[in-house]
Each structure stands twice: as C-alpha cells, then as structure tokens.
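Visitor: Protein sequences appear in the order of chains A, B and C. Just so we're aligned, residue 1 is where the first sequence starts under the working numbering, counting upward by one. Just so we're aligned, residue 1001 is where the second sequence starts under the working numbering, counting upward by one. Just so we're aligned, residue 2001 is where the third sequence starts under the working numbering, counting upward by one.
Read the hints as simulated data drawn from the structure, not as lab findings. Think of the CB as a built atom: it goes at the ideal place given N, C-alpha and C, for glycine as much as any other residue. Keep in mind that the hints are not guaranteed to be accurate.
Stated by the list, open to error - Residues on chain A that point at chain B, a partial pick, calculated with CB under 8 Å:
(1) E130
(2) D131
(3) P132
To be verified - Pair ranges (Cβ atoms, derived):
(4) B:D1121 - C:P2133: 45 to 51 Å
(5) B:A1108 - C:V2214: 53 to 59 Å
(6) B:D1164 - C:V2210: 53 to 59 Å
(7) A:D178 - B:Y1011: 15 to 21 Å
(8) C:V2210 - B:D1121: 43 to 49 Å
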Amino acid sequence: MHRILGGLAAVLLAIGLWLGLGVAPRDAVQGNVQRIMYVHVPAILTGYVAIGLVLVASVAYLWTRRAAWDRVAAAGGELAVCFVGLTLATGSIWGKPTWGTWWTWDARLTSTALLFVIYLGYLLLRSVVEDPERAATYAAVLGIIGALDVPIIHFSVEWWRTLHQPATMLKPQAPSMDPVMLQALLVNVAAFLATFSYLVMRRCRLLTLRAETLARVIGSF
Amino acid sequence: MIQTSGLVKLYGMHAALRGVTLEVPPGQILTILGHNGSGKTTLVRLLATLARPTAGRGRIGGHDLIDGRDEVRRLVALVGHSTHLYDDLTPRENLAFWETLAGRRADADQIDAALARVGLDGQADTRVRALSSGLRRRVALARAMLREPRVLLLDEAFSGLDQDSTKRLEDYLHAFKAGGGAAVVVTHSLGRALAIADRVAVLAGGRIAAEATRASLTEEALQRLYLSATDAGA
Amino acid sequence: MSPFLRTAWAVFWKDLLVERRAKEGANALGFFAILLLFLFYFALGPDSDRIRAALPGLFWLAFILAGVLGLGRAFALERENDCLDGLILAPADKGAIYLGKLAGTTALMLAMEVIFVTATGIFYNLDIWAAVPRLLLVALAGTIGFAAVGTLFAAMTAHLRAREVLLPVLLLPLAVPVLLAAVKLTDLALAGEGWGPAWPWWQLLLGFDVVFLVAGLLTFEFVLEA
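Chain A on its own, in the form it takes in the complex (with noise of 0.2 Å):
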C-alpha cells in the first residue's frame, strides 16, 4: 500500500514541479518569485491538515487508550512541525526579493508563527516527559488544545493586524486566477498531501516496529 502511495507521491511532486516552475505562466506584478506559491500554500495546506490529524488522534488515544493513536499523533506533530516550517521559511524567501525583508509581521505569517511555536512545544513536551503513556496523555492534551486554538488565533491576529494596515499577503486571487496556475496549484496541493500521507504511514511504521521491538526485550522475562 505504501509503495503505491510513494509512487503515487512521487509522479505527483514531479509533476507538480514541472507545471509550477516551468508551465504556469510568470505571474504578472511579481515575476517568478510568485511561482513559491506553489510550495507555500500546499505546504500550508498540509500543516493544517496534519494538526487535524494530531487532533482526531489524540482524541482518541484519550478515548480508547491504544498506543497506535499515540504513535499517530506524533508523526502528525512532527510531520506538522515540518510542513508549517516549511510555510515560514517559502513565505520569507518571498518576501525577501517582495518587500525588502526577511520578515514581515502580516497577519498570516505571524499566526503560522505562533502555530509552529505550538507545535514545536508538543514536540518538546513529548521529548522532555519521560514516562512513555504519561507523555502521550499530555501530548493527548496538548494536541487538542492546540488544534482548538488554531482558528482562534487565526482570527485575533488577524483583526488585530487589519485595525493597523491593509493585510498584505502571499495568497493567490481566488475566482480571477489564471486557470493554469489554479490547475499547477491544485496538482501540487495533491502532490503535498500524497507526501504527507505516505510520510505519515511510514513514520508510523517506524514507531510501531520499535514499540514491538521494546515490548519483546522487556517480554522476554
């Protein structure tokens, strides 16, 4: 299954790759370095999708108490950790060339800031617990905190910013986007999920084989 799903992946990214940099056209105001879009807004995408997942699972790790939503759980924070990473570091090398900076404090990247910082935190607080089903209780918690407080923050900081300017952001115009650029965005968003999903499978495997490692070297008493 995961094969497929990593061929799947991989033909997409290829794809992907080649409609974004070299089919879609060059984007009218902003030149090539639009063409990020192409990994920012998927990447984006799948960061929330992947603290989605953290969320469903660690609902129900706290409900069924089976490692098997834990292991799930962190993968999708890791795998969070790294596609919100991701968003940051495509967002700032767009602004850079776009505005002059590095950094920008606009609404969107600030929350995406604040999200990765969360995130990061869970990674932490499963990395600092050291009693594995205590880490996991909390990491449980902290998952569906965060995943609560995602569209919260989402909203104050963007009311916040809009009182102070006009936001400016790396966003693709929605209904007046030319079609081809829609189509190499969506092919890549497609690319981007298929790689979360087969990184996500595997990790898990991963973690699974080293559980089933552990608990027969503790077993064999």
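Using the hints provided, position chains B and C relative to the given structure of chain A.
Guide: Frame of chain A, contents of chains B and C only:
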C-alpha cells in the same frame, strides 16, 4: 475482596512488577515482605489505582482496577509513605477537606471522634507543620478511618511510629479485620508481619516468590522463607 | 450544593487558606507586581509618556508574567506530601478540582492585578479611576481565559524538573489571543471609548474563555491521572 491476575507494571524499560497474582478475601490481612526495589510500593499503587497496570487485571470489591476506578477509590483507603496532608492546615481542616473531596459532607462530630480515636484531640487545631512525623501519620490514619473503607492498603505505615501510635494502628487493624475488611500490609519487618498477618507473601524481582499462611510459620521458618525467596527472585 | 460545587469550593477555599498561611505568602506576588512596575520604568523611562502610551500592553505583560508564577504555585503546594496523589485518589469529579484550582489562581491573579493597576495610577499620576469598572471586567475575563489553559499546563509541568521553563513555553503561544483581546479592551477602556468598537474583542475573549473552560473541564482528569 481483592483479586489480581498477572499484574505487570513497566516504567519505560524497567519492569517493576512481572506478573503478580494474589487474592485477599474479606476479613483477612495479607502482609507483603520484600527488599527495597522488589515492587512492593508499585503493587500498592496499582491496587490503590494511583497507577495503571501495563498488563494483567485486578478487581477490588468486584470493581475492575481500570474500568471501575472511581468505585474502587470509594472502597479503598491508603496509608502510605506520604501523608497527603497540607502542612499549613490543621488536622481538623485537613480531614474536613478530604472528607468533602471524598464526596461526603464533612461532619464535625465524626471528625472529632476520629481525631480522638488516634489520640489527637489536643492537637486538632495545631498546624500539621508543627506536628511530629508520628503525629502526622496519625492524622493520615484518622482520615482513613473516616472513610470507613472496605479495603485498607498500608505501605510501611508502621515505620517511624512510636509505641502509642503503633498500638493504635494495630488496634484499628484488628477492628477493621473483625468488621470484614480486607487489608494488604506492606512492610520490611518480619516481626511486624508475624504480629498482624493472616497470610504472608514475599515479593522478589517483581513477582510473588513465596506465600504461606501465618499459622504455618514460626519466626525461623519465616526468615528462611524470606531469605530463600529473595535470593531466588532477586 | 451539589457534590461537584462543594468539591470545587473546597479546593478553592483550601488554596486560599494555604496561600494566606504559607510562609512564602501571596505577598510575594504583590511585591512582584510593584517590582515589575519599577522595571518597566527603568527599561522604558524616564519619559513617562512612553509608558503611558504602552500602558495596556504593560498591564498585560505584567499580568501574564505574574500569572505564570501564580499558576506554578497552584500546583507547587500540591507537591508537598504528595497531595496530588491524594487528589487523584479522591472519588471526586476531577473537573471540580480543575474549577477550584482555576478559581484560586484567578483570585490570586486578580488581587495582583488590582495592586498593579492601583500602583500604576499612583506612580504615574493617572486618572484611571473612571475606567476601573470596565478594567475589572476585562481583567476578570482575560484572567479566567489565561488561567483556564494555564491550569492544565501547570498540572502537566508540575511533575517535571524543567517546569519553570516549560510552563511559559507551552502556555504563552496558546494564550496569545487573550493577550491581544485583553490589551485591546484595556486600551479602549482607558481611552473611555464606547462599547461599539469593543464588542468584537469581547466576543473573542469570552469565546476563548468558554472554549477553553469546557476543554479544561473535560481534559483535566486525563492530565491529573497521567
């Protein structure tokens, strides 16, 4: 009253309990002996529902240790190393607090009676911080008494007690047993075990390495049993 | 009174009693508040206008910093004699314990906030007294929201060696909406503005409070029993 089957507790890579199966019917006191690190306190914590077993099952008063946690907690009173007392409150205030948390209305008369029973009526309004450790243990005992538990778990409850306190605890144990309660008493003292037990079990290496009825044991026999069990299991 | 409320009240009252009698004392938080006032002056002064302009933000910075300390204390007092185990063993509804802890921390923080605002009024000769009722409401709503999430993480980090660092690291990013809304509402209150512009921020703050109060009530038992 207390039944366990293959209780296992892992802390990370360390196996504190490796399969403990025991049974304590009502009206009986089981004493558990063992070296430090043999898993005695872990076993008590599992029975008290302070920790969840990694594997195995247990039932107290018919309620499962995992699924019936709240019901088990209503039946059980734990008197252990830690007193669970607030140093800045008085014994009376502590007991009133813990009674309320136990879901009961704190009855001043009952609290007074419990404190009198443990010989603390004079210090009922002194802050716990000012009491000696023996007296603090008595407050913890008074709290357990108020709960009118069906199951009593004592973890080294006798260590560091003066003669008066020891006598009161022993008296309470006998009354408790006569009332049909079941008790598990963890101790490292062979003498203590002989004094109060109906059955004796030796915990070594996370398992029950030996078990016998009190009636069948003399002091030397218990010593031999203890030594051979701890040598074999450790 | 239902057992739930009785338990919550017992925990709240016990926390206040212990706090009042403990040698360390709640005085420390009050002194800390005044100390922060001086620190802000040294860091941002001596031109008082800069401080006046930043006042809403400074209020909430101070409240949050002191709040982290207050949250830590709420569970530090349970560590002696393993009273935390005692709380777990009690057949009580763990949500009631959460509520009691939350109420205790909120009360402590509110006391500290009152001291800080009063001291600010005195030291900067500000006429903020007209705004006090509204300020109190904002303080209450903001503190409850902060403490609702904070109590959960204070309970989690109570066991850990790195608790003093980990609590703020986990809590503060999550509490940003409270900070934003509370500062905004404080600003509007101090400026004497009407309720109109304040309304969306009230919605945000109260929404945060409700969401995380419910989340806390539901998840606290998992944290406690872990």
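Visitor: Next, verify each hint and record whether it holds.
Guide: Hints versus structure:
no. : hint                          : in the structure
1   : E130                          : holds (7 Å)
2   : D131                          : holds (6 Å)
3   : P132                          : holds (7 Å)
4   : B:D1121 - C:P2133: 45 to 51 Å : holds (49 Å)
5   : B:A1108 - C:V2214: 53 to 59 Å : violated (36 Å)
6   : B:D1164 - C:V2210: 53 to 59 Å : holds (55 Å)
7   : A:D178 - B:Y1011: 15 to 21 Å  : violated (59 Å)
8   : C:V2210 - B:D1121: 43 to 49 Å : holds (48 Å)
Of the numbered hints listed earlier, those contradicted by the structure are 5, 7.
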